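Peer 1: Using the sequences and the accompanying hints, generate a full structural model.
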Amino acid sequence: MSPRAGLFAWLIAVVGATLVHAPAWLAGGALLALAVSGRGRVALLARALRLVLPVLLLISVAYLAAGWLSDSLAWEYLLLLNLRVSLLALLTAWMVRDLDLDRALRGLPRLQRWLSIVRGQIEVFRRLAGDYRAAARSRSTTPPTLGQRYRAGAALGLAALDKAVYNAEALTQGMRSRGALDD
Amino acid sequence: MHIPDGLISPQTYLPALAVAAPLWALAGHRLRSRLGDEVLPRLAVFTALAFLMSTLMLPLPGGTSGHVVGVGLLALVFGPWTAFMAYSLVLLLQAVVVGAGGITSLPVNALAIGFAGAWLAAGLYAVLRRFGETPAVLLAVWLSVMGSALLLALVLGLQPAIAHGPDGTPLFFPFGPAITVPALLLPHALIGAGEAALTLLVFRHARRRRWLVAGG
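From first to last, the protein sequence lines are chains A and H. Residue numbering for the first sequence is 1 to 183, as defined by my numbering. Residue numbering for the second sequence is 1001 to 1216, as defined by my numbering.
Hint data in this document are derived by calculation from the structure and do not stem from the laboratory. All figures in this text were calculated on a predicted structure; none of them were measured in a lab. Any given hint might turn out to be false.
[As the list claims (entries may be wrong)] In silico SDA-like pairs for lysine to any residue, Cα to Cα no more than 25 Å straight-line:
(1) Lys163(A) <-> Leu1052(H)
(2) Lys163(A) <-> Gly130(A)
(3) Lys163(A) <-> Arg1034(H)
(4) Lys163(A) <-> Val1181(H)
(5) Lys163(A) <-> Leu1212(H)
(6) Lys163(A) <-> Arg1204(H)
(7) Lys163(A) <-> Gly1036(H)
[To be verified] Derived list of chain H stretches under chain A, where covered just means 3 residues or more per stretch with a C-beta under 8 Å from a C-beta of chain A:
(8) 1005 to 1012
(9) 1100 to 1113
Cβ atoms here follow ideal geometry from the backbone N, Cα and C, with glycine treated the same way.
Peer 2: This is the structure in structure tokens:
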């Protein structure tokens, strides 16, 4: 399947899952997705559940408590909600793991370029923040207080911002000079 | 703050998409017409910053934490239309790169946080600026966070009424506004204060560096 077809298949599957209200069908969809997702199923399921488990736990426990107090608990609804949210998270985690987004967006140069630039900047920020944090940690022998952490974070953030803007300006000039921004 | 996939109904996200799509087209058109070599790298950096701010956990007294949004900062530096477009990209990245948030809930999140949040922050800042920059930024950003949280709470709270089975059992989010409004507004009152302080810090820095872009 081509990356573009994979992207559309994911979109159709995600929208389709919100139109199905039978827990058995949603459970079947989740099992099918796991079966055809290939190697690393357990890791994929764990990644998907890690993202939605806190929300699902919070809603389910609150719903159980409210239902128990009002004596109107609908177990099938609870199953439906958990299965639907888990299936959607599983489909998205699968897409994130296996889909080459850059190839899927071929033919949409503006969106592709924006995604590339912003993803690049995110990596730059992460690296700068990691470098500054490691440098700050290496200079102090005791754990910082909350106030010190906020002050160090502010100084670190602004220094990283300056450096990131400088890097991005250099990158944009390079892209412009090579005709990458001409369309 | 944003809603994940599976909690809001197609009866909600499809009309939201119909509203958001022309707004994205308009914002994209405005952005293309004013995106020069000076603005492009800064916007990319601030969009990346907003993405990271939404993954950054603010340590709060008592050991809890919450994440900030960053749309107020984008609105004050680049204007509300650009902020809406940039924050929609942040939500899209979160959905397709990290797997957080969701693609079906993207229009609702983009309208409530990206559009309403950006316009609230920019509009309130314009009104409050006469009282000084610091109170104007702090209040505008805090109220923008609260406004977005209120909109999302209402969208979630309306789900049992919008989408339910023949016996009245909800099909998507189960709780009404009586629960969702305080559940979202109370923590966001604190998160909004943290976001306002963070925005003020970066906004002052951006003004000193002459990065502010008017009328976006």
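Peer 1: Which of the numbered hints above does this structure break?
Peer 2: As far as the earlier hints go, only 4 is violated by this structure.
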